[in-house]
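A.B. asks: Here is how the chains run, residue by residue.
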Amino acid sequence: MTSPAATPALAEPSPSARSGGARYVLGKVGGAVVSLFVIVVLSFFLIRVLPGDPIRLLTRNTSLGAAQVAELRHQFGLDKPLPAQFVDYMVGLAHGDLGVSLRFGQPVSQLILRALWPTVLLVGVATLISILLGLWQGTRAGWRRGSGFDRFSTGFALTLWSAPTFWLGMILLALAGSWFPTQGILDPDTPPEFLPQALDVLHHLVLPCLTLVAVLYAQYLLVMRSSLLEEMNADYLTTARAKGLRDDLVRDRHAVPNALLPTVTLVFIQLGFVVGGAVTVETVYSWPGLGLLLYQALSDHDGTLLQGLLLVLAGAVLVMNLIGDLLLHVIDPRVRAA
Amino acid sequence: MTSSIAWQRRRAAAGRVWAQFRTDRGGLIGLAVLAVIVLLAVLAPLISDRSGLDVTHATGGILQPPGNGFLLGTDESGRSVLLLLLWGSRISLLVGLAATLLSVGVGTIVGVLMAHFGGWAQAVLMRVTDFFLVLPSLVLAAVLSTVLTPGIGSIIVAIGATAWPTTARLVRSQTLAVESRPYIERSWALGAGHWHVIGKHVLPAVAPLVFANTTLNVANSIITESTLSFLGLGDPNSPSWGSMLHNALQTGAVTARAWWYLLPPGVAIGVVVLAFMMCGRALEAVLNPRLRER
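Chain order of the listed sequences is X and R. Each residue of the first sequence is one higher than the one before, counting from 27 in the numbering used here. Each residue of the second sequence is one higher than the one before, counting from 548 in the numbering used here.
In isolation and in its complexed conformation, chain R is listed as follows:
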């Protein structure tokens, strides 16, 4: 019975968050843009034909400007840039989201463990976190995805393995703040174990900020994904926005000033990243009382 009351309260709190989020224009715009892009990415197989991605089935001329049935022109092997952009969004979003889930998951676990158990575990985990926080993460991610078998999976692992420390530190300080409150002490006094305190009290209290942090993290993951693909570490068989730019640089589209080939992937990355950041900042402003007065 008590849990249903708790859930009712949580649902009411979520309603308040949404009501406040709605007042933030930037956040709403970001959310709308994201909704459209995700919808397009999900519907790509229905509104377009995948066979157009195959170099051997390409119908257009080489590096042709827009027009002639190709809304955004063609790439170096005669494929439609619009089609590449549409299918690329699937990889970029998928890798961005999956890598973020991985890094936020690891970061949350490490952060909660650090703050909850303290002492020796905290000292060791803190060292590890600081170590990864300092390292040049792009270099590490690039090396990791080279030594693992190349493909989307290893890019996800590489980003996830290098991006978790910021979340870990955030969750740690938040957990410390939560655990110093009287209701946790009450819970201990009533005989709660570690897992009860973490699962029933700490995690639900930390979750909102972790969620806001996740949204901001997706932006970073998408940039890292595109950078790794740009360095040629992506899956050569499935186009992503980063690998389009990799091909563009390799085949001299830059010196040919093929703007229809250069602009769309970069603008797409920028728009998605900005949209995620606007959503994340709006969420953060709602969920983090310290920022609300600013």
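Only chain X is shown next, with the shape it has when bound in the complex:
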């Protein structure tokens, strides 16, 4: 988690980066590729080398004999030497094969693909709402610093931010559980037509989404507020006022576009934090996404599934960060000049 008021730092100018764009892009892409490779290696070794043998973890509450354990070990290819396992893993990965889940007995890639869309839906809608809410409140709070609105909205957002996500979810569940569905994503007895299904999914989405928004929007509010404060004394605002522009036009046309830049990066940098929030929210509401899958993998000590999820979640966050860096390069001339 990053501290709430942390303004994302702009890339530091380095004297060797004169050749500009291509070099910046290559550097960022190269860095991301290296990181991605490290994640691939890390997720392999985390599961295998650290104490805690997957088969023993899996069978520790069962009464399997030594022969059956050895059979399981062979079945999952865990009796081979480590380098051979690593080669198997890399070859499988190149084919999009993440192995078979110890718990579900299904290919990990299938399980992840199935859980992907619910998570994208939940995280996407929640992020969108929290960006809009956070930017709107942050702009108004920053523009009238010290006003009642500023103090109330900042305090309220900070309070929500410091509450644990899962607890907010549980309280919301206890309060509003009688008006909204509390489990899953779709009632099995919904008619199979598109409209009723979509409405039912939306109905299920309300509470988890609300929980996630409550935790996420504070960051946008605080960053927008502090970056607007940075712009407050800028000369161009005096010019705009001297031209006779109305106060809210000065704000919306001149101050806000400049203050928006740090929040654009924040959207991408935040993603690691959002994933963490999604894990707990999905656990509370049994939302069938990647977070719930991770929870199941954790409680069943399902090594292959854990490895695949770590790879996919960390990889997704890495790629999104790369996109964020490149996007910032396009929209912020100061980064380009560096």
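Be aware that one or more of the hints could be misleading.
As the list claims (entries may be wrong) - Listed next, the in silico SDA-like pairs over lysine to any residue satisfying Cα-Cα at most 20 Å (straight line):
| # | chain 1 | residue 1 | chain 2 | residue 2 |
| --- | --- | --- | --- | --- |
| 1 | R | K747 | R | S734 |
| 2 | X | K54 | X | V356 |
| 3 | R | K747 | R | R728 |
| 4 | X | K106 | X | R74 |
| 5 | X | K54 | R | Q669 |
| 6 | X | K106 | X | V95 |
| 7 | X | K54 | X | F70 |
| 8 | X | K54 | R | H663 |
| 9 | X | K54 | R | F678 |
| 10 | X | K54 | X | A342 |
| 11 | X | K54 | X | K269 |
| 12 | R | K747 | R | H663 |
| 13 | X | K54 | R | W667 |
| 14 | X | K54 | X | L287 |
| 15 | X | K54 | R | F679 |
| 16 | X | K54 | X | V64 |
| 17 | X | K54 | R | R716 |
| 18 | R | K747 | R | R733 |
| 19 | X | K54 | R | S734 |
| 20 | X | K54 | R | R733 |
| 21 | X | K54 | R | L672 |
| 22 | R | K747 | R | L581 |
| 23 | X | K54 | R | A670 |
| 24 | X | K54 | X | G341 |
| 25 | X | K54 | R | L737 |
| 26 | R | K747 | R | R557 |
| 27 | X | K54 | X | V66 |
| 28 | X | K54 | R | R728 |
| 29 | X | K54 | R | L810 |
| 30 | X | K106 | X | Q94 |
For the record, the hints were derived by calculation from the structure and aren't laboratory data. Note that this is a predicted model, so its numbers are computed, not measured.
Here the structure of chain X is known, so what remains is to put chain R in place on it, guided by the hints.
C.D. replies: Same frame as chain X, now just chain R:
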């Protein structure tokens, strides 16, 4: 002799910091709240009986609302929620503090090394820091504490191993600022070695900000600890605020609307986190001149 003069000056500076901190109402409230909670946590064995935590010795009914000798009602196996809350504070605070010490320690070392040695070491360490900064830390911490032997120790290690990059970056920029000052150059000119410059000049200059950062970090560590315990990764034998909520969700206390069981742990986490944040922000405002004018 010179060192005693330096210490006198430092003590005077600490006095000034305290004088300024006292003017911040939020910081003082946070400090007072923390003092009370830490005192309660430390005194728990004296003011209560640990045997009440044992499920087999539970005397109350199942999920009973407050009253009948139980100030905050009972949990799903008839234990007093107040007792769980009191003993849970020990684990939450202990893990929060220990994990923060670990992550701030690692972060400070990495940050100072990066800024001091520069060049190749900085390039490599910066990559590693950025790598960990970007990763979804909760996922990594959860996986780490699963593969390590479960328990309080591995939760501390898992949080410490994933939370250090923010400190490292802060310490790095602060060290760079300190090392560009003339008195460091003077020290080099007088023949000081790396360890002298780092130990005698850089670390004392960086320490105040690291301290403020530590206070803010504890808040994060406590939230992460409760989240990991909530995901069922804690020590099942010692209750923490997170594991209370884990049990509450597992046993249907949410649908039963057992508010006396749901509210206290969450409010406790929120209060401790807010108190640490208020202290940290007040300290930061005192120690970081850039924030003082705001």
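A.B. asks: Hints first: check each against the structure and report whether it holds.
C.D. replies: Consistency of the hints with the structure:
1. R:K747 x R:S734: holds (10 Å)
2. X:K54 x X:V356: Holds - the C-alpha atoms of V356 of chain X and K54 of chain X are around 13 Å apart, at most 20 Å.
3. R:K747 x R:R728: holds (14 Å)
4. X:K106 x X:R74: Measuring from Cα to Cα gives roughly 12 Å; hence the hint holds.
5. X:K54 x R:Q669: holds (17 Å)
6. X:K106 x X:V95: Roughly 15 Å separates the two Cα atoms, so the pair holds.
7. X:K54 x X:F70: Between K54 of chain X and F70 of chain X the Cα gap is close to 24 Å, so the pair fails against 20 Å, i.e. violated.
8. X:K54 x R:H663: violated (25 Å)
9. X:K54 x R:F678: With a Cα-Cα distance of about 12 Å, the restraint between K54 of chain X and F678 of chain R holds, given a limit of 20 Å.
10. X:K54 x X:A342: holds (15 Å)
11. X:K54 x X:K269: violated (42 Å)
12. R:K747 x R:H663: holds (13 Å)
13. X:K54 x R:W667: Holds: K54 of chain X and W667 of chain R sit about 18 Å apart, inside 20 Å.
14. X:K54 x X:L287: holds (19 Å)
15. X:K54 x R:F679: holds (16 Å)
16. X:K54 x X:V64: Between K54 of chain X and V64 of chain X the Cα gap is close to 15 Å, so the pair holds against 20 Å.
17. X:K54 x R:R716: holds (19 Å)
18. R:K747 x R:R733: holds (13 Å)
19. X:K54 x R:S734: violated (38 Å)
20. X:K54 x R:R733: This hinted pair is violated, its Cα atoms lying about 38 Å apart.
21. X:K54 x R:L672: holds (16 Å)
22. R:K747 x R:L581: Not satisfied, since the Cα-Cα distance of roughly 32 Å exceeds 20 Å.
23. X:K54 x R:A670: This hinted pair holds, its Cα atoms lying about 14 Å apart.
24. X:K54 x X:G341: Holds, at about 15 Å.
25. X:K54 x R:L737: violated (41 Å)
26. R:K747 x R:R557: Status holds; Cα separation ~13 Å.
27. X:K54 x X:V66: Holds: K54 of chain X and V66 of chain X sit about 18 Å apart, inside 20 Å.
28. X:K54 x R:R728: Distance of about 32 Å is beyond 20 Å: violated.
29. X:K54 x R:L810: The given pair, whose Cα atoms are some 46 Å apart, is violated under the 20 Å limit.
30. X:K106 x X:Q94: holds (17 Å)
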